[in-house]
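Engineer: Sequence:
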Amino acid sequence: MQLGQKSRREFIGMIGGAAVAWPSAARAQQRTIPVVGFLRSTTRDDSVRLVLALQQGLKLGGYFEGQNIAIEYRWADNQPDRLPALVADLIARKVDVIVANQGSAAAVMAANKTIPFVFVTGADPIKLGLVPSLSRPGGNVTGLTFLQETVAAKQLELMHEVLPQEKSIAVLFHTATPGADLVLKELQAAASVIGVQLHTARVKDERDFDPALGTIRREKVGALVVPGGAFLLSRRNLIIGLAAHYQIPTIYSDREEVVAGGLLSYGPSQSEAYRGAGIYVSKILKGANPADLPVDESTKFEVVVNLQTAKSLGIEMPLSLLMRVTEVIE
1 MQLGQKSRRE FIGMIGGAAV AWPSAARAQQ RTIPVVGFLR STTRDDSVRL VLALQQGLKL
61 GGYFEGQNIA IEYRWADNQP DRLPALVADL IARKVDVIVA NQGSAAAVMA ANKTIPFVFV
121 TGADPIKLGL VPSLSRPGGN VTGLTFLQET VAAKQLELMH EVLPQEKSIA VLFHTATPGA
181 DLVLKELQAA ASVIGVQLHT ARVKDERDFD PALGTIRREK VGALVVPGGA FLLSRRNLII
241 GLAAHYQIPT IYSDREEVVA GGLLSYGPSQ SEAYRGAGIY VSKILKGANP ADLPVDESTK
301 FEVVVNLQTA KSLGIEMPLS LLMRVTEVIE
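Last residue of the sequence shown: number 330 in the working numbering, and the count goes up by one each step with no gaps.
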(Lines of atoms letter the chains of each structure in order from A and count residues from 1; the text may use other names and numbers.)
(Lines give C-alpha, C1' and ligand atoms only; values in the text may rest on other atoms or scores of the structure.)
Protein backbone atom coordinates (compact mmCIF):
# COMPACT_ATOMS: atom_id res chain seq x y z
CA MET A 1 0.00 0.00 0.00
CA GLN A 2 1.47 3.31 -1.09
CA LEU A 3 0.69 6.54 0.74
CA GLY A 4 0.64 10.02 -0.81
CA GLN A 5 2.37 12.87 1.00
CA LYS A 6 -0.88 14.24 2.44
CA SER A 7 -2.25 10.87 3.55
CA ARG A 8 1.17 9.94 4.92
CA ARG A 9 1.23 13.07 7.08
CA GLU A 10 -2.33 12.39 8.23
CA PHE A 11 -1.44 8.81 9.13
CA ILE A 12 1.69 9.83 11.03
CA GLY A 13 -0.38 12.39 12.90
CA MET A 14 -2.97 9.74 13.67
CA ILE A 15 -0.53 7.23 15.16
CA GLY A 16 1.31 10.01 16.97
CA GLY A 17 -1.97 11.23 18.42
CA ALA A 18 -3.01 7.74 19.38
CA ALA A 19 0.10 7.36 21.50
CA VAL A 20 -0.81 10.49 23.44
CA ALA A 21 -4.56 10.07 23.61
CA TRP A 22 -4.76 6.47 24.65
CA PRO A 23 -3.75 6.72 28.36
CA SER A 24 -6.68 9.01 29.19
CA ALA A 25 -9.01 6.91 27.07
CA ALA A 26 -7.80 3.81 28.87
CA ARG A 27 -8.52 5.30 32.26
CA ALA A 28 -11.99 6.30 31.11
CA GLN A 29 -12.72 2.81 29.83
CA GLN A 30 -10.94 1.15 32.79
CA ARG A 31 -8.98 -1.04 30.43
CA THR A 32 -11.99 -2.75 28.86
CA ILE A 33 -9.94 -3.40 25.71
CA PRO A 34 -6.44 -4.91 25.35
CA VAL A 35 -3.42 -2.69 24.74
CA VAL A 36 -0.46 -3.54 22.51
CA GLY A 37 2.91 -1.86 22.96
CA PHE A 38 4.62 -1.17 19.61
CA LEU A 39 8.34 -0.36 19.87
CA ARG A 40 10.89 0.39 17.15
CA SER A 41 14.44 1.65 17.37
CA THR A 42 13.88 3.88 14.31
CA THR A 43 11.63 6.87 13.64
CA ARG A 44 7.86 7.20 13.40
CA ASP A 45 8.11 8.27 9.76
CA ASP A 46 10.10 5.16 8.87
CA SER A 47 7.47 2.89 10.45
CA VAL A 48 4.30 3.94 8.64
CA ARG A 49 3.90 0.96 6.31
CA LEU A 50 4.89 -1.46 9.06
CA VAL A 51 2.23 -0.05 11.39
CA LEU A 52 -0.31 -0.47 8.60
CA ALA A 53 0.80 -4.07 8.13
CA LEU A 54 0.53 -4.78 11.87
CA GLN A 55 -2.98 -3.33 11.87
CA GLN A 56 -3.91 -5.52 8.90
CA GLY A 57 -2.72 -8.59 10.80
CA LEU A 58 -4.74 -7.56 13.85
CA LYS A 59 -7.83 -7.10 11.69
CA LEU A 60 -7.43 -10.64 10.37
CA GLY A 61 -7.62 -11.72 14.01
CA GLY A 62 -10.71 -9.61 14.61
CA TYR A 63 -9.05 -6.64 16.32
CA PHE A 64 -9.58 -3.07 15.12
CA GLU A 65 -7.57 -0.21 16.60
CA GLY A 66 -9.77 2.33 18.35
CA GLN A 67 -12.65 -0.15 18.61
CA ASN A 68 -11.65 -3.30 20.46
CA ILE A 69 -7.88 -2.79 20.79
CA ALA A 70 -5.48 0.11 21.49
CA ILE A 71 -1.84 0.48 20.50
CA GLU A 72 0.82 2.40 22.44
CA TYR A 73 3.44 3.56 19.88
CA ARG A 74 7.03 4.23 20.88
CA TRP A 75 10.04 5.15 18.71
CA ALA A 76 13.65 5.55 19.83
CA ASP A 77 14.47 7.78 16.82
CA ASN A 78 17.70 5.82 16.18
CA GLN A 79 18.95 6.57 19.71
CA PRO A 80 19.56 3.17 21.35
CA ASP A 81 20.13 4.73 24.78
CA ARG A 82 16.43 5.70 24.84
CA LEU A 83 15.21 2.11 24.55
CA PRO A 84 15.38 1.05 28.23
CA ALA A 85 13.19 4.00 29.28
CA LEU A 86 10.71 3.31 26.47
CA VAL A 87 10.44 -0.34 27.48
CA ALA A 88 10.02 0.63 31.13
CA ASP A 89 7.22 2.99 30.13
CA LEU A 90 5.35 0.26 28.24
CA ILE A 91 5.73 -2.11 31.19
CA ALA A 92 4.48 0.58 33.59
CA ARG A 93 1.42 1.06 31.41
CA LYS A 94 0.76 -2.69 31.74
CA VAL A 95 0.38 -3.38 28.04
CA ASP A 96 -0.89 -6.87 27.21
CA VAL A 97 1.64 -7.66 24.45
CA ILE A 98 4.82 -5.96 23.20
CA VAL A 99 5.83 -5.94 19.52
CA ALA A 100 9.40 -4.81 18.81
CA ASN A 101 11.97 -4.82 16.03
CA GLN A 102 15.45 -6.31 16.09
CA GLY A 103 17.07 -3.10 17.32
CA SER A 104 14.72 -3.00 20.32
CA ALA A 105 14.54 -6.70 21.16
CA ALA A 106 17.48 -6.86 23.56
CA ALA A 107 16.09 -3.98 25.65
CA VAL A 108 12.69 -5.70 25.86
CA MET A 109 14.25 -9.03 26.83
CA ALA A 110 16.42 -7.43 29.51
CA ALA A 111 13.53 -5.71 31.27
CA ASN A 112 10.58 -8.02 30.69
CA LYS A 113 10.08 -11.69 31.61
CA THR A 114 6.31 -11.79 31.91
CA ILE A 115 4.49 -9.68 29.29
CA PRO A 116 4.14 -11.64 26.01
CA PHE A 117 6.68 -10.38 23.49
CA VAL A 118 6.56 -10.71 19.68
CA PHE A 119 9.77 -9.73 17.88
CA VAL A 120 10.42 -9.10 14.18
CA THR A 121 14.07 -9.63 13.28
CA GLY A 122 16.25 -10.06 10.24
CA ALA A 123 18.95 -11.97 12.13
CA ASP A 124 18.81 -15.50 13.50
CA PRO A 125 16.88 -15.14 16.81
CA ILE A 126 18.71 -18.14 18.26
CA LYS A 127 22.12 -16.56 17.62
CA LEU A 128 20.81 -13.27 19.01
CA GLY A 129 19.80 -15.09 22.19
CA LEU A 130 16.11 -14.27 21.86
CA VAL A 131 14.91 -17.89 21.82
CA PRO A 132 16.52 -21.31 22.36
CA SER A 133 14.54 -22.92 19.55
CA LEU A 134 12.51 -21.78 16.55
CA SER A 135 9.93 -24.54 16.94
CA ARG A 136 9.46 -24.04 20.70
CA PRO A 137 10.68 -20.57 21.67
CA GLY A 138 9.71 -20.95 25.32
CA GLY A 139 9.08 -18.34 28.00
CA ASN A 140 7.04 -15.28 27.08
CA VAL A 141 8.64 -14.79 23.64
CA THR A 142 7.93 -15.64 20.02
CA GLY A 143 8.22 -13.77 16.75
CA LEU A 144 9.05 -13.67 13.07
CA THR A 145 12.40 -13.77 11.29
CA PHE A 146 13.66 -13.40 7.74
CA LEU A 147 17.26 -14.49 8.44
CA GLN A 148 19.01 -11.45 7.00
CA GLU A 149 22.44 -13.08 6.92
CA THR A 150 21.22 -15.53 4.25
CA VAL A 151 19.46 -12.69 2.43
CA ALA A 152 22.65 -10.61 2.35
CA ALA A 153 24.56 -13.49 0.74
CA LYS A 154 21.89 -13.68 -1.97
CA GLN A 155 22.17 -9.91 -2.47
CA LEU A 156 25.88 -10.36 -3.14
CA GLU A 157 25.17 -13.14 -5.66
CA LEU A 158 22.64 -11.00 -7.53
CA MET A 159 24.98 -8.02 -7.66
CA HIS A 160 27.66 -10.30 -9.10
CA GLU A 161 25.15 -11.59 -11.66
CA VAL A 162 24.45 -8.01 -12.77
CA LEU A 163 28.16 -7.07 -12.89
CA PRO A 164 30.11 -10.32 -13.39
CA GLN A 165 33.20 -8.40 -14.55
CA GLU A 166 33.62 -6.70 -11.17
CA LYS A 167 36.10 -8.44 -8.90
CA SER A 168 35.49 -6.38 -5.76
CA ILE A 169 32.21 -5.54 -4.03
CA ALA A 170 31.70 -3.56 -0.81
CA VAL A 171 29.22 -4.07 2.01
CA LEU A 172 27.86 -1.20 4.10
CA PHE A 173 28.24 -2.33 7.68
CA HIS A 174 26.54 -0.56 10.62
CA THR A 175 28.62 -1.49 13.63
CA ALA A 176 25.84 -1.17 16.22
CA THR A 177 23.17 -3.27 14.47
CA PRO A 178 22.47 -6.46 16.45
CA GLY A 179 23.56 -9.47 14.41
CA ALA A 180 25.67 -7.41 11.98
CA ASP A 181 28.72 -9.60 12.61
CA LEU A 182 26.69 -12.66 11.58
CA VAL A 183 25.69 -10.97 8.33
CA LEU A 184 29.28 -9.99 7.61
CA LYS A 185 30.48 -13.55 8.22
CA GLU A 186 27.94 -14.95 5.75
CA LEU A 187 28.89 -12.34 3.16
CA GLN A 188 32.58 -13.20 3.49
CA ALA A 189 31.80 -16.87 2.92
CA ALA A 190 29.63 -16.07 -0.10
CA ALA A 191 32.29 -13.76 -1.56
CA SER A 192 34.84 -16.56 -1.32
CA VAL A 193 32.56 -18.93 -3.22
CA ILE A 194 31.77 -16.38 -5.94
CA GLY A 195 35.37 -15.33 -6.27
CA VAL A 196 35.10 -11.63 -5.44
CA GLN A 197 36.94 -9.55 -2.87
CA LEU A 198 34.66 -8.16 -0.16
CA HIS A 199 35.38 -4.68 1.16
CA THR A 200 33.81 -3.49 4.40
CA ALA A 201 32.56 0.09 4.68
CA ARG A 202 31.82 0.66 8.37
CA VAL A 203 29.47 3.39 9.59
CA LYS A 204 28.46 4.45 13.11
CA ASP A 205 26.25 7.44 12.34
CA GLU A 206 25.14 9.70 9.49
CA ARG A 207 28.46 11.53 9.34
CA ASP A 208 30.21 8.34 8.20
CA PHE A 209 28.17 7.66 5.07
CA ASP A 210 29.71 10.22 2.71
CA PRO A 211 33.33 9.31 3.57
CA ALA A 212 32.48 5.58 3.34
CA LEU A 213 30.94 5.79 -0.13
CA GLY A 214 33.58 8.26 -1.26
CA THR A 215 36.26 5.73 -0.33
CA ILE A 216 34.44 2.99 -2.26
CA ARG A 217 34.47 5.24 -5.33
CA ARG A 218 38.12 6.26 -4.98
CA GLU A 219 39.26 2.67 -4.52
CA LYS A 220 37.25 1.67 -7.61
CA VAL A 221 35.25 -1.00 -5.84
CA GLY A 222 32.72 -2.20 -8.40
CA ALA A 223 29.46 -2.29 -6.45
CA LEU A 224 27.87 -2.05 -3.01
CA VAL A 225 25.63 -4.29 -0.91
CA VAL A 226 23.40 -2.61 1.68
CA PRO A 227 22.01 -5.29 4.02
CA GLY A 228 18.81 -4.83 5.96
CA GLY A 229 18.57 -3.53 9.49
CA ALA A 230 16.55 -0.71 10.97
CA PHE A 231 19.41 1.81 11.01
CA LEU A 232 20.36 1.46 7.34
CA LEU A 233 16.74 1.31 6.22
CA SER A 234 15.95 4.51 8.08
CA ARG A 235 18.82 6.23 6.21
CA ARG A 236 17.70 4.96 2.79
CA ASN A 237 17.39 8.39 1.15
CA LEU A 238 20.84 9.45 2.27
CA ILE A 239 22.43 6.23 1.01
CA ILE A 240 20.56 6.29 -2.31
CA GLY A 241 21.56 9.91 -2.89
CA LEU A 242 25.23 9.20 -2.19
CA ALA A 243 25.22 6.05 -4.34
CA ALA A 244 23.83 8.13 -7.21
CA HIS A 245 26.35 10.92 -6.58
CA TYR A 246 29.31 8.56 -6.61
CA GLN A 247 27.82 6.38 -9.38
CA ILE A 248 28.03 3.18 -7.34
CA PRO A 249 25.76 0.30 -8.43
CA THR A 250 24.02 -0.74 -5.22
CA ILE A 251 21.70 -3.54 -4.14
CA TYR A 252 19.39 -3.03 -1.17
CA SER A 253 17.19 -5.28 0.95
CA ASP A 254 13.87 -3.48 0.64
CA ARG A 255 11.54 -2.60 -2.25
CA GLU A 256 11.06 0.93 -0.92
CA GLU A 257 14.71 1.68 -1.56
CA VAL A 258 14.34 0.86 -5.26
CA VAL A 259 11.13 2.88 -5.51
CA ALA A 260 13.13 5.79 -4.04
CA GLY A 261 15.78 5.47 -6.77
CA GLY A 262 17.99 2.55 -5.78
CA LEU A 263 19.18 0.16 -8.49
CA LEU A 264 18.12 -3.24 -7.22
CA SER A 265 16.74 -4.94 -4.13
CA TYR A 266 16.39 -8.45 -2.83
CA GLY A 267 14.80 -9.27 0.47
CA PRO A 268 11.81 -10.41 2.42
CA SER A 269 8.65 -8.40 2.61
CA GLN A 270 8.89 -6.59 5.94
CA SER A 271 5.24 -5.66 5.62
CA GLU A 272 4.41 -9.35 5.42
CA ALA A 273 6.44 -9.97 8.58
CA TYR A 274 4.61 -7.26 10.53
CA ARG A 275 1.28 -8.52 9.24
CA GLY A 276 2.29 -11.88 10.68
CA ALA A 277 3.18 -10.17 13.96
CA GLY A 278 -0.35 -8.78 14.09
CA ILE A 279 -1.75 -12.27 13.61
CA TYR A 280 0.46 -13.61 16.41
CA VAL A 281 -0.66 -10.81 18.73
CA SER A 282 -4.28 -11.71 17.99
CA LYS A 283 -3.63 -15.33 18.91
CA ILE A 284 -1.92 -14.37 22.16
CA LEU A 285 -4.75 -12.05 23.15
CA LYS A 286 -7.14 -14.94 22.58
CA GLY A 287 -5.19 -17.14 24.97
CA ALA A 288 -2.32 -18.67 23.01
CA ASN A 289 0.94 -19.15 24.91
CA PRO A 290 3.90 -17.47 23.14
CA ALA A 291 6.07 -20.42 24.14
CA ASP A 292 3.92 -22.67 21.98
CA LEU A 293 3.90 -20.41 18.91
CA PRO A 294 6.88 -21.35 16.69
CA VAL A 295 9.02 -18.52 15.38
CA ASP A 296 7.75 -17.93 11.85
CA GLU A 297 10.31 -17.73 9.03
CA SER A 298 9.49 -15.43 6.12
CA THR A 299 9.04 -17.23 2.80
CA LYS A 300 8.01 -14.28 0.62
CA PHE A 301 10.99 -12.64 -1.07
CA GLU A 302 10.99 -9.82 -3.60
CA VAL A 303 13.40 -8.87 -6.38
CA VAL A 304 12.82 -5.30 -7.58
CA VAL A 305 14.73 -3.46 -10.32
CA ASN A 306 14.76 0.23 -11.22
CA LEU A 307 15.46 0.42 -14.96
CA GLN A 308 15.82 4.20 -14.95
CA THR A 309 18.60 3.97 -12.37
CA ALA A 310 20.23 1.13 -14.34
CA LYS A 311 20.23 3.35 -17.45
CA SER A 312 21.78 6.25 -15.55
CA LEU A 313 24.59 3.93 -14.43
CA GLY A 314 25.07 2.49 -17.91
CA ILE A 315 24.01 -0.98 -16.78
CA GLU A 316 22.03 -3.40 -18.92
CA MET A 317 20.21 -5.83 -16.67
CA PRO A 318 20.73 -9.46 -17.72
CA LEU A 319 17.66 -11.15 -19.14
CA SER A 320 18.16 -14.07 -16.74
CA LEU A 321 17.57 -11.66 -13.85
CA LEU A 322 14.70 -9.73 -15.44
CA MET A 323 12.81 -12.99 -15.91
CA ARG A 324 12.93 -13.56 -12.15
CA VAL A 325 12.06 -10.11 -10.84
CA THR A 326 9.00 -9.47 -8.75
CA GLU A 327 8.61 -5.89 -9.94
CA VAL A 328 10.23 -3.53 -12.43
CA ILE A 329 10.27 0.21 -11.74
CA GLU A 330 10.37 1.99 -15.11
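I should point out that these hints are in silico values taken from the structure, not numbers from a laboratory.
Just to be clear, a hint being listed does not mean it is correct.
[As the list claims (entries may be wrong)] Derived BS3-like pairs (lysine-lysine); straight-line CA-CA distance at most 30 Å:
| # | residue 1 | residue 2 |
| --- | --- | --- |
| 1 | 154 | 127 |
| 2 | 185 | 167 |
| 3 | 286 | 154 |
| 4 | 204 | 154 |
| 5 | 286 | 59 |
| 6 | 59 | 220 |
| 7 | 94 | 59 |
| 8 | 311 | 154 |
| 9 | 59 | 283 |
| 10 | 167 | 113 |
Engineer: Hint by hint, note whether the structure agrees.
Structural biologist: Hint by hint, here is what the structure shows:
no.	hint	result
1	154 / 127	20 Å, holds
2	185 / 167	19 Å, holds
3	286 / 154	38 Å, violated
4	204 / 154	24 Å, holds
5	286 / 59	13 Å, holds
6	59 / 220	50 Å, violated
7	94 / 59	22 Å, holds
8	311 / 154	23 Å, holds
9	59 / 283	12 Å, holds
10	167 / 113	48 Å, violated
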